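Student: Chain residues, written in single-letter form:
Number of protein chains: 2
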Amino acid sequence: MKKLINSLINTNWYSEPVSRVERCKKMGQNGVTLWFTGLSGAGKSTLAFSLDHRLLEAGKKSYVLDGDLLRDGLNSNLGFSAADREENIRRVGEVSLLAADAGLIVLSCFISPFRKDRRRVRELHQRNGIPFVEVYMDTSLELCEKRDSKQLYYRARRGEIDDFTGISSPYEVPENPEIIVRSTQSPVEAAEIVYAYLQKKGLVE
Amino acid sequence: MKKLINSLINTNWYSEPVSRVERCKKMGQNGVTLWFTGLSGAGKSTLAFSLDHRLLEAGKKSYVLDGDLLRDGLNSNLGFSAADREENIRRVGEVSLLAADAGLIVLSCFISPFRKDRRRVRELHQRNGIPFVEVYMDTSLELCEKRDSKQLYYRARRGEIDDFTGISSPYEVPENPEIIVRSTQSPVEAAEIVYAYLQKKGLVE
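Top to bottom, those sequences are chains A and C.
Note that our numbering numbers the first sequence so that position 97 is 97, with each residue one more than the last.
Note that our numbering numbers the second sequence so that position 36 is 1036, with each residue one more than the last.
Bound conformation, chain A alone (with noise of 0.2 Å):
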């Protein structure tokens, strides 16, 4: 009886990891990426904050990359030439994928100032069925600037940072994102945003 048992639990093996469905199924929600862009200081990643620990309040399973998170380990052998640049937005879309097809709500927060780097990023996850959805964090230079928490502007302004996006180094302003937050709204208000937008989609229940 033993032996018989085991040769049928032996049969009952997998050649596949379980599929996205399934796992979304299980999970009560779709894997998505919210793509957070916009000049240094514009508020990516306190809105990424603020809407974490709403879809934790929710039941809801997220996590945020951010720049520098992903600077100090991943990206950490990246400076900030063009190349690395664009290498940089290049692996940070690819974990992106992986974390949203893993089921998260993925909150990805990078400056990432250039339309190609974003539209490569969004075709990746298009081309792998991952919805794809681009947050544009509409608040002026001046703002950030005057924000400047980091002193990053500060430096810039001084030459002491090179290539600085909005001071040295151009940013390219979303065409078509799925969603604009303004300046005048706060994290709490833009976070709920995104949150309906992401109910209106199906996106969580």
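In silico SDA-like pairs for lysine to any residue, Cα to Cα no more than 20 Å straight-line:
1. A:Lys-25 / C:Leu-1056
2. A:Lys-26 / C:Leu-1056
3. A:Lys-146 / A:Tyr-171
Pair by pair, the computed Cβ-Cβ distance ranges are:
4. C:Glu-1057 / A:Gln-199: 24 to 32 Å
5. A:Ser-76 / C:Gly-1059: 29 to 37 Å
6. C:Arg-1182 / A:Val-173: 57 to 65 Å
7. A:Ser-140 / C:Asp-1068: 42 to 50 Å
Think of the hints as simulated: they come from the structure by calculation, not from any bench.
Owing to the predicted nature of the structure, the values given are computational and were not obtained by experimental measurement.
Yeah, the Cβ is synthetic: ideal placement off N, Cα and C, and Gly gets one too.
Given the structure of chain A, go ahead and fit chain C onto it with the hints provided.
Tutor: This is chain C only, laid out in the frame that chain A set:
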């Protein structure tokens, strides 16, 4: 009244994402990286797939990272030189860490033949307070070569693949893996052993 509510709401913002402790409590599990190492054909992915299904059945959230998946995406710009192999494992170590930090049970399947590279990934997890469990798939070269499901050994023997682990490049057996899986164990039996280990260590309920 509306103004008052708004002003109260507006103060409710966050300067940090959800903490790991809070996140894991909500998910009913601890993020952990299970690192499956062994020769090509040793059964790493097959075991991980079985475990992924086993965990899903138990209501847990897991995700499989494997070499083929990552080589197509994040690591598509890496080859098989010594430096590229090292960078390959460095990156997948960082991605494993992020996914485990997000609360997932990460099933990372990489030949990862060198002790030095595996030790680095372990230390990265230790520094960040994330459990790391090394699972050595102790399957003989003879058996792996007999299986040869991807015809890689055949091609390596003909000299068509350089630096192939086990043939023309060494595999360094783990010195102190947390778990050793023998080829006499079926994937399902092995999955139960790993699952029991996670329970014993309090990593799953």
